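Asker: Protein sequence lines, in the order shown, are assigned to chains A and B. Each residue of the first sequence is one higher than the one before, counting from 1 in the working numbering. Each residue of the second sequence is one higher than the one before, counting from 1 in the working numbering.
In short, the hints are calculated from the structure, not lab data. All of these numbers come straight from a predicted model, not from anything done at the bench. There could be a bad hint or two in this list.
The list treats identical chains as one, so a pair stands whether inside a single copy or across any two.
Cross-link-like lysine to aspartate or glutamate pairs, in silico, EDC-like; alpha carbons within 16 Å at most [said to hold, decoys possible]: (1) Lys7 to Glu273; (2) Lys316 to Asp175; (3) Lys7 to Asp108; (4) Lys141 to Glu264; (5) Lys26 to Asp51; (6) Lys316 to Asp115; (7) Lys141 to Asp265; (8) Lys337 to Glu217; (9) Lys141 to Glu276; (10) Lys141 to Glu304; (11) Lys312 to Glu334; (12) Lys316 to Glu276; (13) Lys337 to Glu273; (14) Lys316 to Glu273.
There are 2 protein chains.
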Amino acid sequence: MSTLSLKLRTPYLIFVGDESRTTYAKTGKGVADWRPELCAGQLRLSDDAADLDLPDMSVATAAEAGVGSLIVGTALVGGSVPDSWLHTLCDAAAAGIDIVGGLHTRLDSIAVLRDAAAAGGSRLIDVRVPPTDLPVASGIKRSGKRLLTVGTDCALGKKYTALQLERDMRAQGFDADFRASGQTGIMIAGTGVPIDCVVADFISGAAELLSPANEPEHWDLIEGQGGIFHPGYAAVSHGLLIGSQADAFVVCHAAGRSHVEGWEDYAVPSIGEVIERTIAIGSLTNPNIRCVGISVNTLSIDEEQRAAYLAKLAAKYSLPCVDPMITGTNAIIEELKIRT
Amino acid sequence: MSTLSLKLRTPYLIFVGDESRTTYAKTGKGVADWRPELCAGQLRLSDDAADLDLPDMSVATAAEAGVGSLIVGTALVGGSVPDSWLHTLCDAAAAGIDIVGGLHTRLDSIAVLRDAAAAGGSRLIDVRVPPTDLPVASGIKRSGKRLLTVGTDCALGKKYTALQLERDMRAQGFDADFRASGQTGIMIAGTGVPIDCVVADFISGAAELLSPANEPEHWDLIEGQGGIFHPGYAAVSHGLLIGSQADAFVVCHAAGRSHVEGWEDYAVPSIGEVIERTIAIGSLTNPNIRCVGISVNTLSIDEEQRAAYLAKLAAKYSLPCVDPMITGTNAIIEELKIRT
Numbered sequence: 001m002s003t004l005s006l007k008l009r010t011p012y013l014i015f016v017g018d019e020s021r022t023t024y025a026k027t028g029k030g031v032a033d034w035r036p037e038l039c040a041g042q043l044r045l046s047d048d049a050a051d052l053d054l055p056d057m058s059v060a061t062a063a064e065a066g067v068g069s070l071i072v073g074t075a076l077v078g079g080s081v082p083d084s085w086l087h088t089l090c091d092a093a094a095a096g097i098d099i100v101g102g103l104h105t106r107l108d109s110i111a112v113l114r115d116a117a118a119a120g121g122s123r124l125i126d127v128r129v130p131p132t133d134l135p136v137a138s139g140i141k142r143s144g145k146r147l148l149t150v151g152t153d154c155a156l157g158k159k160y161t162a163l164q165l166e167r168d169m170r171a172q173g174f175d176a177d178f179r180a181s182g183q184t185g186i187m188i189a190g191t192g193v194p195i196d197c198v199v200a201d202f203i204s205g206a207a208e209l210l211s212p213a214n215e216p217e218h219w220d221l222i223e224g225q226g227g228i229f230h231p232g233y234a235a236v237s238h239g240l241l242i243g244s245q246a247d248a249f250v251v252c253h254a255a256g257r258s259h260v261e262g263w264e265d266y267a268v269p270s271i272g273e274v275i276e277r278t279i280a281i282g283s284l285t286n287p288n289i290r291c292v293g294i295s296v297n298t299l300s301i302d303e304e305q306r307a308a309y310l311a312k313l314a315a316k317y318s319l320p321c322v323d324p325m326i327t328g329t330n331a332i333i334e335e336l337k338i339r340t
Numbered sequence: 001m002s003t004l005s006l007k008l009r010t011p012y013l014i015f016v017g018d019e020s021r022t023t024y025a026k027t028g029k030g031v032a033d034w035r036p037e038l039c040a041g042q043l044r045l046s047d048d049a050a051d052l053d054l055p056d057m058s059v060a061t062a063a064e065a066g067v068g069s070l071i072v073g074t075a076l077v078g079g080s081v082p083d084s085w086l087h088t089l090c091d092a093a094a095a096g097i098d099i100v101g102g103l104h105t106r107l108d109s110i111a112v113l114r115d116a117a118a119a120g121g122s123r124l125i126d127v128r129v130p131p132t133d134l135p136v137a138s139g140i141k142r143s144g145k146r147l148l149t150v151g152t153d154c155a156l157g158k159k160y161t162a163l164q165l166e167r168d169m170r171a172q173g174f175d176a177d178f179r180a181s182g183q184t185g186i187m188i189a190g191t192g193v194p195i196d197c198v199v200a201d202f203i204s205g206a207a208e209l210l211s212p213a214n215e216p217e218h219w220d221l222i223e224g225q226g227g228i229f230h231p232g233y234a235a236v237s238h239g240l241l242i243g244s245q246a247d248a249f250v251v252c253h254a255a256g257r258s259h260v261e262g263w264e265d266y267a268v269p270s271i272g273e274v275i276e277r278t279i280a281i282g283s284l285t286n287p288n289i290r291c292v293g294i295s296v297n298t299l300s301i302d303e304e305q306r307a308a309y310l311a312k313l314a315a316k317y318s319l320p321c322v323d324p325m326i327t328g329t330n331a332i333i334e335e336l337k338i339r340t
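Full structure from sequences and hints, please.
Answerer: Structure (structure tokens):
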């Protein structure tokens with residue numbers, strides 16, 4: 001099933017399994033945090049499983065309550081789906097609830113789950129499977145406005161920056177939509193393209209589909225992937241950037257991170273280098289591309305030093321600098337109003 | 001079957017079918033031109049089919065002569081394999097000859113061909129299928145030397161420049177190997193990775209596998225893909241560049257081409273822009289990357305003006321400038337000796 005033609009059925013039941021570590025339940029937590037209005041409840045298989053602050057709910061109760069999709073909200077450490085999970089997933093599928101996952105094991109490769117879904121008339125949706133028949137990028141200018149979050153590295157807040165921008169822009173009356181390029185983002189948005197799973201020739205074409213032509217004043221807030229200086233993933237970042245035809249971008253950074261996570265021979269580039277290279281590459285498809293802010297994950301910084309840290313960066317680059325989870329993104333939105 | 005673990009069986013029978021237009025038989029012509037010593041003959045289904053200047057040979061004769069692989073050397077205009085081809089391919093497969101193709105229709109999706117191959121104990125090899133279990137690029141420096149051909153656009157001589165460099169360097173006693181990143185190149189080299197078919201996250205990892213660690217003085221001559229300023233394919237070019245960890249690169253250009261073929265809104269970048277951007281991006285994984293020459297397809301230029309055209313470009317960029325098909329690549333090899 002194509003994730004672009006995909007629209008997840010709501011409301012959701014978030015499946016936590018027996019995962020007690022919140023970091024491994026981050027997909028479920030992301031959906032609960034950013035789309036609480038869509039979450040009917042959580043299903044935990046043990047008392048010490050992570051609590052997402054949603055009502056506990058059994059499959060039977062969820063089915064009665066009209067739940068549309070069970071979201072597998074935890075990562076698996078091993079490769080295969082444990083039996084204890086499988087019983088619950090089969091019960092839900094047989095009860096007509098769609099099963100949505102992004103595991104390494106494809107849901108539709110599990111025979112008993114396929115049978116249960118067929119019996120219940122429900123769908124098995126794997127958000128890691130990209131659409132088929134993607135086009136090569138046309139490079140043709142689309143109407144509407146686009147902001148892309150880029151990063152000095154992976155895993156430092158590109159998704160959450162885009163989501164907080166969506167929340168803050170909507171609160172100010174903007175017509176704005178988060179556009180998901182990764183699996184957790186797709187579960188949050190209910191649609192999107194897993195850009196890192198796309199065949200190489202179609203990366204930018206997938207990015208064009210992800211943010212289609214829209215009303216002139218509409219903003220797409222596109223979740224970035226990888227990093228343009230990342231030794232493993234830069235090609236994905238490049239393709240997403242030129243396909244997005246971004247009018248604006250925000251550089252995301254993790255305070256205190258000196259080296260690329262998992263690639264310790266590689267220093268993290270400076271924010272200035274990322275700005276310069278992003279403009280150089282992005283200008284190909286949008287000569288008006290500009291940086292409108294810096295978004296820093298300041299978890300590693302003492303609370304009393306945070307404001308000074310952000311102010312220093314803001315002064316250095318003459319750009320608004322926020323921690324989206326703490327200060328929100330209104331300073332960036334002000335810059336957007338002035339500069340785009 | 002992984003194209004990296006792949007080693008095509010020789011000698012080859014080049015299948016031309018009933019294709020009379022040489023441009024559509026360019027895969028077969030490429031193998032015949034660059035690996036004539038591996039080609040036992042050609043198989044043409046009609047008298048006006050393109051002649052690759054090889055002995056005409058039937059399947060029966062080829063089998064008796066010990067042919068290892070039948071290379072499907074023509075592109076198909078439509079999607080499916082015509083019956084007239086299928087009979088011949090099945091006969092060859094049943095006679096124990098491997099069938100090697102790069103068509104949109106996968107060979108192993110054709111039931112009668114699968115049956116024939118099973119009966120004959122032969123392999124159906126699709127050079128468009130990338131290896132499975134590719135790694136994400138490590139960025140770790142490999143021993144040996146690498147030259148990558150890059151371009152101002154697609155389809156202007158990156159493959160042939162790398163092949164001519166291989167021929168000329170070997171003639172001078174260099175230990176040098178052409179490394180194929182596209183389907184025609186893979187048929188010529190007998191191995192390689194179809195980099196544009198790889199899943200996005202693994203582009204640079206595939207490029208690392210394509211040019212593995214080697215002797216310190218060994219040169220890999222890597223076939224480039226796409227173009228770093230190409231609105232459709234730049235991401236592939238970026239990933240191939242950083243995974244190649246190129247010590248040297250040659251910029252390929254087609255004289256007289258002003259716009260990207262098929263993307264007429266996009267001007268072709270200047271050679272200087274390509275040099276600058278390639279160094280900027282390639283420096284991530286190899287800070288010593290440098291440009292060692294310019295390779296121009298001068299087909300569009302009058303013969304008496306060619307030398308002046310090449311000399312002018314050489315002076316402008318202070319680099320050797322050749323048309324590899326006419327002047328050879330020795331001028332670039334001299335630069336290589338001095339600068340790497």
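Asker: Does each hint fit the structure? Answer for all of them.
Answerer: Here is how each hint holds up against the structure:
For the homomeric pair Lys7 and Glu273, neither the shortest alpha-carbon distance inside one copy (38 Å) nor that between copies (43 Å) is at most 16 Å. Taking identical chains as interchangeable, the C-alpha atoms of Lys316 and Asp175 are never at most 16 Å apart, the minima being 31 Å within one chain and 50 Å between chains. Taking the closest pair of Cα atoms, Lys7 and Asp108 never come within 16 Å of each other, the shortest separation being 18 Å inside a single copy and 34 Å across copies. Taking the shortest alpha-carbon separations for Lys141 and Glu264, only the inter-copy value of 13 Å comes in at or below 16 Å, while the best intra-copy value is 39 Å.
With identical chains, the CA atoms of Lys26 and Asp51 are at most 16 Å apart within one copy only, with a shortest distance of 11 Å there and 62 Å across copies. Neither within a single protomer nor between protomers do Lys316 and Asp115 lie at most 16 Å apart by alpha-carbon distance, with minima of 59 Å and 68 Å respectively. Taking identical chains as interchangeable, the C-alpha atoms of Lys141 and Asp265 lie at most 16 Å apart only when they sit on different chains, with a minimum of 10 Å there against 39 Å within one chain. Taking identical chains as interchangeable, the C-alpha atoms of Lys337 and Glu217 lie at most 16 Å apart only when both belong to the same chain, with a minimum of 11 Å there against 56 Å between chains.
For a Cα distance limit of 16 Å, the shortest separation of Lys141 from Glu276 qualifies neither inside one copy, at 22 Å, nor across copies, at 26 Å. Taking the closest pair of Cα atoms, Lys141 and Glu304 never come within 16 Å of each other, the shortest separation being 45 Å inside a single copy and 42 Å across copies. For a Cα distance limit of 16 Å, the shortest separation of Lys312 from Glu334 qualifies neither inside one copy, at 19 Å, nor across copies, at 51 Å. Taking the shortest Cα distances, Lys316 and Glu276 sit within 16 Å of each other inside one copy (14 Å), while across copies they are farther apart (27 Å).
In this assembly of identical chains, Lys337 and Glu273 lie within 16 Å of each other by CA distance neither inside one copy nor across copies; the values are 25 Å within and 33 Å between. Taking the closest pair of Cα atoms, Lys316 and Glu273 come within 16 Å of each other only inside a single copy of the chain (13 Å); across copies the shortest separation is 29 Å, beyond that limit.
The earlier numbered hints that this structure contradicts are 1, 2, 3, 6, 9, 10, 11 and 13.
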